[in-house]
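Sequences listed follow chains G and C, in order.
Here the first sequence is numbered in this note's numbering, starting from 1 and rising by one per residue.
Here the second sequence is numbered in this note's numbering, starting from 1 and rising by one per residue.
Please note: incorrect hints may appear among the correct ones.
Below, a list of computed lysine-lysine pairs in the DSS-like style, where the Cα atoms sit at most 30 Å apart [claimed, not checked]:
1) 165/C - 98/C
2) 8/C - 191/C
3) 8/C - 236/G
4) 191/C - 236/G
It is worth saying that the hints were derived from the structure and are not from the lab.
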Amino acid sequence: MYDSSPRRPPKRLAGAMSGRAVLASKLAADGRTSRVETLRSDGPLVLRPCHPKGPEPLTQRRHDIARVALAAGTAGPLGGDRYALDVHVGAGSTLVLSEVSAMLVLPGAEGGHSHMSITVCVENGATFVWWPEPIIAAANCDHRHDVRIALAPNARMVLREEILLGRHGESPGDFTGRLRVTRDGAALYDQQLSFGPSADGWDGAAVVDQGRAVGSIIAVDPDWTDMPPQATPFHKTAALTPLAGPGVAIGAVAPDSLALRRLLTQGLNELGPPWAI
Amino acid sequence: MQVHEIGKQAALLLLADGRLPAGGYAHSGGLEPAITAGRVTDVAGLERFLIGRTETAGSLAASFAAAACAGSQGGDLSGLPMLEAELDARIPSPELRKVSRDLGRQLRRAMNSIHPHSHFAALGRAPHQPVVMGVAAAVLGLGPREAALAILHENTAGAAAAAAKLMRIDPFEVHAILARMTARLDRLAVKAAEFVNRPFADLPAPGSPLTDIAAEHHRRSDVRLFAS
């Protein structure tokens with residue numbers, strides 16, 4: 001099982017929530033329209049079909065695709081909670097997963113750490129657009145966020161991740177987030193970020209310095225195999241960088257969430273259509 | 001394959017020494033880009049930078065050096081291409097991937113002259129520096145933890161040495177930072193070696209966003225003392 005830094009299994013805390021939600025899309029019999037095949041909410045993770053929330057890369061104004069939003073059924077994750085979300089994008093289908101609001105990660109009443117594990121599988125010819133809202137690591141939280149995405153060789157994907165280090169003006173709790181993307185089984189992008197009182201050096205100039213919002217956009221397109229986009233450092237604290245495979249990472253560090261969103265959008269727009277929003 | 005051992009403790013010093021002619025002197029480990037961006041201006045900022053760098057890029061290099069060492073100790077280099085691909089995935093900046101491969105190529109050339117071994121020829125044209133360090137450690141009879149410690153020391157001391165050329169700073173203060181970091185380096189080397197029996201996919205992937213971003217700016221800068 002994938003776990004980069006093993007920790008003791010959590011003791012069960014009173015009131016701790018666990019939930020596993022499942023989402024799957026498939027291509028309809030007409031060979032053109034994508035449909036939601038499985039939509040299983042569980043406790044804190046509420047999945048519901050939705051309309052476009054705002055501008056989207058790749059799928060702007062399309063009506064023949066599957067759109068689902070994740071909503072929070074309860075506050076959290078709180079210390080002690082374990083959430084899991086499994087996403088399957090069936091061959092040839094297009095799925096957009098958005099989020100109703102930011103995810104606020106809080107400490108539990110009895111301490112303990114929280115864990116959220118998201119696995120995504122994108123089959124051949126499928127397109128996955130994951131456009132969530134920020135994760136906010138509140139003071140005293142103790143959270144591990146693991147995202148693992150497996151892409152088929154002929155799959156396309158674009159995702160945004162935004163992490164806020166504490167609510168406004170507060171110091172963040174302990175947070176470790178890892179995002180690993182594989183393509184045809186081989187590693188394409190794998191980055192972990194740890195911060196909080198138990199981590200060292202993250203507030204130095206090598207990691208995020210004074211920035212309290214950090215994020216990235218990862219885009220993968222098999223068409224980039226021969227001709228990847230060029231590296232573009234478009235701001236003092238943001239750059240678009242081609243990966244070793246057919247993908248790009250747009251990384252940005254900013255003082256707050258609005259500035260981060262602006263930088264990431266600017267980076268996305270560097271890619272031009274159909275990515276630009 | 002029988003690995004010919006030389007004096008082990010001295011071999012570790014040889015590998016970690018910044019005077020090893022492997023090109024390390026031309027790099028500041030991201031310090032010059034951080035100073036250019038105005039993010040490191042004093043001793044305290046330098047210490048935070050060095051700790052953050054060691055905990056992220058340093059640890060990353062250490063765990064890959066340890067894994068490469070463990071793999072080549074048994075004489076089986078077949079896993080190294082996959083290890084290289086895993087490391088590529090953990091370095092978003094193409095400039096830093098290139099720096100790692102430039103330093104790897106130079107380290108391989110140096111080691112192959114100093115202490116020839118068929119393992120060095122078996123590495124690709126431009127292998128990543130931590131992979132070469134791991135293979136070199138195995139060839140010198142050292143283990144994964146020593147490979148990790150060698151690259152942690154080389155990376156950290158290399159960046160610290162650059163500070164004296166880039167900032168108005170008392171060299172004693174720079175070395176005081178390094179002295180305070182010794183226990184950290186030992187601890188990180190032990191941690192790096194804990195992953196050697198696990199799949200490569202499980203190796204740590206600590207990121208350093210501002211280092212990647214600053215490296216891309218630095219490459220495009222007209223006025224620079226260090227290559228990275």
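inquiry  = Against the 30 Å threshold, does the CA-CA distance of residue 8/C and residue 191/C hold or violate the hint?
reply    = Holds, at about 21 Å.
query = Holds or violated: are the alpha carbons of residue 191/C and residue 236/G at most 30 Å from each other?
reply = violated, 33 Å
key: Given pair status - residue 98/C, residue 165/C, alpha carbons within 30 Å   = holds, 24 Å
task = Below or equal to 30 Å on CA atoms is what counts here, so check residue 8/C against residue 236/G.
result = Roughly 45 Å between the alpha carbons, so the hint for residue 8/C and residue 236/G is violated.
Hints 3, 4, counting from the list given before, are not met by this structure.
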